[in-house]
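Novice: This is what each chain is made of:
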Amino acid sequence: MNICVKNVTKTYGAQKALDDLSFEVKTGEILGFLGPNGAGKTTTMKAITCYITPNKGDILLGGESVNKSPDKVKRKIGYLPENNPLYLDMPVIDYLNFIGKLQGVSNDNIEAQVKKMVKICGLDLEKHKKIGELSKGYRQRVGLAQALIHDPEVLILDEPTTGLDPNQIIEIRELIKEIGKEKTVILSSHILAEVEATCDRVLIINKGKIVADGTPESLRKEAQGKEILRVGVNIKDRNKIHKALSEIDEVEVVSFVDGNNELFEVESHIGKSSAEAIFKMCANNVWYLTQLTPVEKNLEDVFRELTQESRSISAN
Amino acid sequence: MMSKLVTKPLNPFWVIVRKEISNSIRSWKFLIMLALVLLTCMGSLYTALGDFSSAIKGGSAEDDFFFLKLFTHSDGVLPSYIVFISFLGPLLGISMGFDAINSEQTRGTLSRVLAQPIYRDYILNAKFTASLILLSFLFFALSLLVVGFGLIFLGIPPTADEFMRIIIFSLVNIVYVAFWLNLSILFSVKFRQTATSALAGISVWLFFTIFYGMIVNLIAKSIAPVRFVSEQHLINFQRFIQNLMRFNPGQLFDDATTTLLMPSVRSLGPLTTEQTLGAIPSPLPLGQSLMIVWPQVTALIGGTLLFFAIAYTLFMRREIRSR
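Chain order of the listed sequences is R and S. The end of the first sequence is residue 316 by my numbering, with every number in the run present. The end of the second sequence is residue 323 by my numbering, with every number in the run present.
Isolated chain S, as found in the complex (with noise of 0.2 Å):
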């Protein structure tokens, strides 16, 4: 006789996404990456503490945020933590996605999984969402050590207004993260070879990181108005050159994370002197530093969406042989 207190199964995808995040942290690959991003955020963090002093020196709206430039001082000696992120993010994110799928395709193990009576989207679905988690236990617990030093040395708490600062600065790094984890999924299901996938991810992050620049740079030089052309003109170019910028997902990440981090910032784009005129000086709430960067994590999140439609399209209408 069946008992009445046998408690339910757990729901397929959610086995898939714990043994997922069990592997990822028992593997090398994680064990890795993970080290390298705590190491450098901590580094620079060591050095922005030890350089502080300079940092507040005080006569500018941006210096009563204490907390929020342990994220953006530099001494000269180390980038940022910002910069780090900005640079170091897309490799955890490609390192976590490149082999979801050929791995377990190469191996087999996809067949042997997708025997069992589960839904075949949930492979793909809990290979997200299990990187997904990782990664955000992994900022939020960055940004709060940050702070938690922040506190030890400056023996201040941080203002509601930091705080949900560097919540939201989290957040958007947890979404630019998965842009590139997205990316890296679909090259895994698109192509066989892990090596391919991880070749074809990390060939996108440095045609972005170093090469998109110097291209919109050469259009910007080439198209540039001549000496003597109205004002309207030369921030139609300005605005054409930035729009150029945006494509390149650092490039809003960055504007993203500025705006957040550095209250006194107003606009990303360029002002006249008319929208100047009659401003107040001083750092801006949360809510419209939000509205400044809503396009911005706006097209992150889209480029998110479209990589993981695309990779989801591609999986579910593959034939998948077991070798």
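Chain R extracted, bound-state conformation (with noise of 0.2 Å):
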């Protein structure tokens, strides 16, 4: 089922959560959501699952809007909502039960389907605990099935993994990769390795507006801009390798790097390589190359310029 995010705008009193926010998610997609705090995630994915009105525009999830259809969308959503907020004194069992019936589980299917949750998220040992006995990895699992219980065709997990240990971390990531193949799947998450190692698509937010929108690989590489090399010198003379590194003709800026009298960072200009001329210099002036690596941006640093700068950057 897709979902389509249509100019949404949202705001609460004199502040603007969500500024004419537009997006698509395509069946069978799992896009993270990133964003700083109060960049208007949250919000964005309340608005989808009905829990707050938007102000301006609308929400299609399978061509139901969630203006005119609420109740219609709301059977069609699993909803995971940041902080997992549970009933602590109720037995697992009673409060999938209890949530299953609240999403319309015919009396006949329910049993079935409680027990189906408790197998796919690995409650089985602790389904007769009460919730509040539970570790954080296991109410989180209690939260993933409440979210599943009704088979829904989309799931909104906001900020899954908080709190969580790496262990549990993994094994979190893991289900949701296993659900995300049947169905559409919005992660948001400040671990920006968790939406890499997740996630299709990545969408950054900041200030209530899209920033940036691809696959982690083409946003690293759109960010990329120009090329940056290390390149390594064993020689003692670093001013004599930096003047010659400058006067290549391929290369814009040469710096030193801190705390290394052997190292540098080449930036060459727009378009062009200067790999091969580094290495050609080297190799005429008999100068012993100790590193030759090209510098990429990972999505944390994509994701730390766009929401310093507002910048913006679209993949597709």
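No lab work stands behind these hints, which were simulated from the structure alone. Some clues are possibly wrong.
[What the hints assert, rightly or not] Here are the simulated lysine-lysine pairs, DSSO-like style, with alpha carbons at most 27 Å apart:
(1) K116/R - K130/R
(2) K29/S - K129/R
(3) K243/R - K272/R
(4) K129/R - K115/R
(5) K72/R - K181/R
(6) K130/R - K29/S
[Unchecked claim] Simulated DEER-style distance windows between Cβ atoms:
(7) G38/R - N217/S: 54 to 60 Å
(8) T196/S - P70/R: 29 to 35 Å
(9) L314/S - A193/R: 43 to 49 Å
(10) E265/R - T196/S: 56 to 62 Å
[Claimed, not checked] Chain S is nowhere near these chain R residues, computed Cβ spacing over 12 Å in every case:
(11) K68
(12) H128
(13) L164
(14) D165
(15) L192
(16) N239
(17) E265
(18) M281
(19) L292
(20) P294
Don't be surprised by glycine CBs; every beta carbon is placed ideally from N, CA and C.
Put the two chains together into one complex, using the hints given.
Specialist: What follows is the structure, encoded as structure tokens:
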């Protein structure tokens, strides 16, 4: 089921949380939603799940509008909210039963669905315990199970791995990837590595607007811009090397690397590569070239650049 | 292929009601209040039965109503059943409603439930309905327990009139406690902190239980007519003070239950000598007693609905954040 967000604006008093936001998520895609605190990620997710009503614009899920048919839309969505609020005094099975019935799962199917969710989310040993007695990782699994109990076509997960230890993060990530094979998933996170590892596509939002949209690979490439090489030359006279590098035609900027006398960062002109020229220069001067590696921007670099400068990139 | 025998899912409203009833029954808060009410009512019943012979000496119209005496008689050591309910009923209502909405909002579970495909007002309505169902079971069970013990002790069954009065008395109990329940639900919608809403409910109860009577007395003393005034003036003054007292829900409850359980009560206001001339000093039939207390019961129901309407409006218009 595809999701279409069209020109959505949401204001809280004088503050604009979402500013004319538009994007699409195709059926079966896992979309990663990134942004700093207060960017509008949770507000967007709440608007999609009909928890809040946008001031302007519309959101369509499989053609159904959140403004006109919120009940129909809610039945198609499984939502895991931020902080995963749960009824801590209810046993796991009773809680899943309760949510399943609220979602309209028939009395005949509810038991089977609960058993299925318990199995999928690995809650078999904990199913009779009260939720308050479970660890954070297991509570997150309960949250996931309640989001899936009615077999929705769309899954909205708001920071599903917050507060988990590395082992639990990997388990939840694997679970999401498995589930994402059959469903459309929107996942928000602060852990960029998790988004890179789990998601097909990334949307970076800042101050209510989209600043980047594309696969993690394409965003990195697009943000890369000019070639930057890290060059290591085993010669004591740094200034001599600096001068020689600066004189190469393809090179735009040469800078020293702090803390290492042998290393330089060489930025080439746009569209040009200076790797071959640097290699030939060292060979001609019989200088020992210890390092010649490209400096690639990772998603964190892209995120920081975009959310600090409010530039935007679209790699579609 | 869909089986034709697939049963319809339960209406989400009743799903929430069942969950609320289940939670309440398992909560320490309810169990403590239940134990308190049970103990005090059984205690007052025990002392009433112990002194029952003095209650049915004979010579007055009310002495024929043995079972009603079980609710109204006291040996002076413990207050009667009716007094205990008047005192503890509001506390029971407040304890069941003070954290209805704000505790869910604090925990974040309100946003979780609202994300399901249910109407928003189901939550508020279900909280009230669940508490009302529990209270109904409680008060009917208590009344029937008293009747049961009375049967064992007295050896004779209640008359139809007595039984109907006891049933209607139980209904009035439920209406009275529902009044305080709705007030506390209103406070739970208004105030985010459960402690604040509990304090607000108890403060209102304390005000009406202790201070309101004093304030009305002060007003009465300050505007009391001088010695030589007409009868009509005196009656008007009495009615004015009585009407002031009727702003106290406890007073309405006392008026209603006293009239129901004491059939010889013919009026709740002042009577002139002319009005009592020719009156037959016999107990009133149930219908006539109901006519006397109908304004009190209506006022209690009206107050309950008013608080519910305010709570409903506030809840439906609120922008609910997750925490």
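Novice: Now tell me, hint by hint, if it's right for this structure.
Specialist: Hints and how they fare:
1. For the suggested pair K116/R and K130/R, the alpha carbons sit about 19 Å apart, so the restraint of at most 27 Å is met.
2. Of the supplied pair hints, the one linking K29/S and K129/R holds, its CA atoms being roughly 22 Å apart against a limit of 27 Å.
3. Under the criterion of a C-alpha separation no larger than 27 Å, the hint pairing K243/R with K272/R is consistent with the structure, at around 19 Å.
4. Distance hint between K129/R and K115/R is fulfilled; the C-alpha atoms sit about 15 Å from each other, no more than 27 Å.
5. With a CA separation close to 23 Å, the supplied pair K72/R and K181/R stays within the 27 Å bound.
6. Annotation: proposed proximity of K130/R to K29/S holds, straight-line Cα distance about 19 Å (limit 27 Å).
7. In this structure the hint that G38/R and N217/S lie 54 to 60 Å apart at CB holds, the actual value being about 58 Å.
8. The hint said 29 to 35 Å for the Cβ distance between T196/S and P70/R, and at roughly 32 Å that hint holds.
9. The beta-carbon spacing between L314/S and A193/R, approximately 45 Å, falls within the hinted interval of 43 to 49 Å.
10. Separated by about 59 Å at the C-beta atoms, E265/R and T196/S satisfy the suggested range of 56 to 62 Å.
11. The beta carbon of K68/R is kept farther than 12 Å from every beta carbon of chain S, the shortest such distance being approximately 14 Å.
12. With 12 Å as the threshold on Cβ separation, the claim that H128/R sits away from chain S holds: the shortest Cβ distance comes to roughly 15 Å.
13. At roughly 18 Å, the least C-beta separation between L164/R and chain S is larger than 12 Å, which holds for a residue marked as non-interface.
14. The claim that D165/R is not at the interface with chain S holds, since no C-beta of that chain comes within 12 Å of its own (minimum 22 Å).
15. L192/R, annotated as away from the interface, keeps every beta carbon of chain S farther than 12 Å; the closest lies near 24 Å.
16. Separation of N239/R from chain S is adequate, the least Cβ-Cβ distance of about 58 Å exceeding the 12 Å criterion.
17. With a minimum CB-CB distance of about 45 Å to chain S, E265/R clears the 12 Å threshold, and the non-interface call stands.
18. Listed as a non-interface residue, M281/R keeps its Cβ farther than 12 Å from every Cβ of chain S; the least gap is roughly 59 Å.
19. With a closest Cβ-Cβ approach of about 51 Å to chain S, L292/R is found to remain outside the 12 Å limit, as its non-interface label requires.
20. With a closest Cβ-Cβ approach of about 43 Å to chain S, P294/R is found to remain outside the 12 Å limit, as its non-interface label requires.
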